[in-house]
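This is what each chain is made of:
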Amino acid sequence: MSVLSELSHIHVDKARSAEDRRAQRRAAGRDNKSGYLFLLPWLIGLFVITIGPLIASLYLSFTEYSLIQPPTWIGVDNYLRMLHDARLHNALRVTFTYVIVGVPLQLILALAIAVLLNQGMRGLAFYRSVFYLPSMLGASVAIAVLWRQMFGVDGLFNQVLRLFGFEAKTGWISDPRYALWTIILLHVWTFGSPMVIFLAGLRQIPGMYYEAAAVDGAPRWRRFTKITLPLLSPIIFFNLVLQIIGAFQSFTQAFVVSNGTGGPSDSTMFYTLYLYQRGFGEFEMGYAAAMAWLLVVIVGALTAINFWASKYWVFYDD
Amino acid sequence: MTLDRRQFLTGGLAVAAASMGLTACGGGGGSSGGGGANGSANLQFAWWGNPVRNKNTAAAIAAYTKAHPNVKISQQPGEFSTYWDKLATQTAGNKAPDIIQMDMAYIAEYGKRGALLDLAKYGADTSKFVEGSVDSGKIDGKLVGINAGINTPTILANPKIFEQAKVQMPDDTTWTWDQAKEVGAELTSKAGNGIVGMAVFFNDAMLSAFLRQHGKELFTASGLGFEAADVVPWFDMVLAYQNAKAMLTAAQLTEEAGKSVDQSALAVGKAGMQMQWSNQVEALDKASGGEMKVLRFPSVSGKATDRKAWYKASMLWSASARTKYPEQSVALVNWWVNSPECADINLAERGVPANTEILAAITPKLSPDQKNVAKFIADIKPELAPTPVAPPPGGGKINDTLTRYQNDVLTGRSSSADAAAKFVDEAKSNLKS
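The listed protein sequences derive, respectively, from chains P and H.
Heads up: the first sequence is residues 246 to 563, going by the working numbering.
Heads up: the second sequence is residues 893 to 1325, going by the working numbering.
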């Protein structure tokens, strides 16, 4: 505050006359203009590609819109309909299961590998790349296709099981009891990007803390829980928020593995997949828009809760 | 219900015939008026396909533009799976292509919403088409799609597997659903090597056949053509096939749905029979390296004439209702389905041509597989019942819904009665009035 008021004093001292002040304002205006000019590409993008469609979809969510005919206003009917849409409720259940199970598992694995790689081993860069590889591939169509082959009734996984004498008759992606878990496994496997972020975070923790703890005789596990976890908590929080938002929006894996159906028996019907099916498959773009807004509300609420809860466990060392 | 539909169909026929007569009197109206002067036009032409079709289509377009130098055609080839997303967004943005390759599953969706041109109004010529092949392109009495090739549901059987298992090829003019199940079970038990009697057998086409044989329909002009009680025996039957080990397991069937024809269980020799539309026979033969026997689907009574067969358009030619060049668009479609020149290029790749003269002209040039199919399609003429109406808006995805509830039954998650009730509920609520 004090610095600010000093600055304003300087301003007042400098601009003594009214003319001076006007000139100054003009100069400032010019400065702003060029500022906006430089921002223009981003601003155009923001308004044309982000905010415009956002508002349009909000409007469409209150309409019946088949894409083929112009939208007609139906008020909150789309939102009321969601209350009774059993398949939507199922999609929510599937997606929440995916997020609640998949995200923590993925983060734990990412952290474990990051801690392992942070032991100052030789060839770190190589291992880091190897472990990061699945993340670059995981969201891709090719890997999802591979997954489909591997976990089919006669896929590689079952063939290996049969080698060991198991009677593996079912398909891990085609049996409604297992299909979602196979996709969660695919998600967990793509732990690379949180791992790299964890690794960077681990590097920031001063080694002297560990040395001091070791001198005091703290065992490894204790050093991990009392030093690593608290000092890494902002990074964990960051990863958690990002991964939750990302997981709610996942689409590709389920789309490819289930061939776009969300099957078998809707067991992999992710929210976004159902939204896509309603919008483009069944020409109910108004309903799909309403679904998209429900997703925004859900993800927004969860993120808000996350930030609120972070007060109790995230430790900022500053 | 049935009477209503028949009346509706005959009404539609009369309208089409009348409008055809009118345009014939107009005399070559296709070359005057419309968007450009002297029939010049700039047309967008969209289709989905495979490499062979893309090549043929491009060649045919080149031939047409050579003969009509004032018509320019820009090509929009695509893949089936993404084609519909694109078409929907193009239509929403008022940029629909002038000529649209259409599918039966979507024709009502577009036609009922006024997105497709009434082709009869602009001189569409289907006068040489075989009976039963024009109706499928009519929505509310308007001709919004012209049959681009005849298709009919068949059961394909692999003679090699039958020989290997020493099972007699069934007589498809007399077999019932129960007998088909026994044949399938016999194949499974005798063929060995994990070969199964039937791969994908029970889909929307077979449900339609089953319902028609029981005096119902999948869809009527006004909505769903059946009740829950009508599909309970269907689900029971599917379950009986599974219990008799006549077909693939539920998990295997789910995986089959994600495979292309050339990867399907019949093509790779893992099943003896499979339901297949007739225009896929060639692709299947090529993939398997053998020659499949084309069979009639079973009936309830054991008489082929009772099986209520039908012709379906494998795909249709439509034009956008907002095209600037309606005459020129229809002229191009007319040329496509009625000129020997175009037929020579495309042959039966889109299905057996509905135009009987064209079919006769190209038959000598067809591959043995295509000849086989053409013969089958001609043979079953006496077994045809009225053409089913196009799925109403929201009905195009009924196979997905059916597959889902069928899977519930096959995996024991749901009883036939439960699944039937839920299936009918959902199918009904998907239909838009």
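Honestly, the hints are just simulated from the structure, not real lab data.
Heads up, a few of these hints could be off.
[What the hints assert, rightly or not] Non-contacting residues of chain H with respect to chain P, defined by C-beta distances greater than 10 Å in every case (computed):
hint: 1; residue: N942
hint: 2; residue: N948
hint: 3; residue: K964
hint: 4; residue: W976
hint: 5; residue: S1019
hint: 6; residue: S1081
hint: 7; residue: L1103
hint: 8; residue: D1128
hint: 9; residue: D1154
hint: 10; residue: A1175
hint: 11; residue: E1275
hint: 12; residue: D1292
hint: 13; residue: K1320
[Stated by the list, open to error] Here are the simulated lysine-lysine pairs, DSS-like style, with alpha carbons at most 25 Å apart:
hint: 14; chain 1: H; residue 1: K1162; chain 2: H; residue 2: K1185
hint: 15; chain 1: H; residue 1: K1082; chain 2: H; residue 2: K1052
hint: 16; chain 1: H; residue 1: K1267; chain 2: P; residue 2: K414
hint: 17; chain 1: P; residue 1: K414; chain 2: H; residue 2: K1151
hint: 18; chain 1: H; residue 1: K958; chain 2: H; residue 2: K947
hint: 19; chain 1: H; residue 1: K1273; chain 2: H; residue 2: K1289
hint: 20; chain 1: H; residue 1: K1108; chain 2: H; residue 2: K1267
hint: 21; chain 1: H; residue 1: K1178; chain 2: H; residue 2: K1004
hint: 22; chain 1: H; residue 1: K1263; chain 2: P; residue 2: K414
hint: 23; chain 1: P; residue 1: K414; chain 2: H; residue 2: K1162
hint: 24; chain 1: H; residue 1: K1162; chain 2: H; residue 2: K1082
hint: 25; chain 1: H; residue 1: K1178; chain 2: H; residue 2: K1314
Glycine included, C-beta positions come from ideal geometry on N, C-alpha and C.
K1162(H) paired with K1185(H) [C-alpha distance capped at 25 Å]: The given pair, whose Cα atoms are some 16 Å apart, holds under the 25 Å limit.
Restraint status (C-alpha distance of K1082(H) to K1052(H) at most 25 Å): holds (13 Å)
Reported absence of S1019(H) from the contact zone with chain P (all CB gaps over 10 Å): holds (30 Å)
Status of D1292(H), Cβ more than 10 Å from any chain P Cβ: Label violated. Min Cβ-Cβ 6 Å, cutoff 10 Å.
Non-interface label on N948(H), tested against every C-beta of chain P at 10 Å: holds (28 Å)
Check on E1275(H) being off the interface with chain P, judged by Cβ distance over 10 Å: Fine: 33 Å to the nearest Cβ keeps E1275(H) off the interface.
Beyond 10 Å from each Cβ of chain P, as asserted for N942(H): Holds, because the least Cβ-Cβ distance between N942(H) and chain P comes to about 18 Å, which exceeds 10 Å.
Status of the stated non-contact between L1103(H) and chain P (beta carbon gap over 10 Å): The claim stands: L1103(H) keeps its Cβ more than 10 Å from every Cβ of chain P (closest is about 22 Å).
Straight-line alpha-carbon gap K1178(H) to K1004(H), limit 25 Å: violated (38 Å)
Nearest-CB test (10 Å) between chain P and W976(H): violated (7 Å)
Given as non-interface: D1128(H), partner chain P, CB spacing beyond 10 Å: holds (19 Å)
Outside-interface status for K964(H) - nearest CB in chain P farther than 10 Å: holds (26 Å)
Comparing the model with each numbered hint stated earlier shows that hints 4, 12, 16, 19, 20, 21, 22, 25 do not hold.
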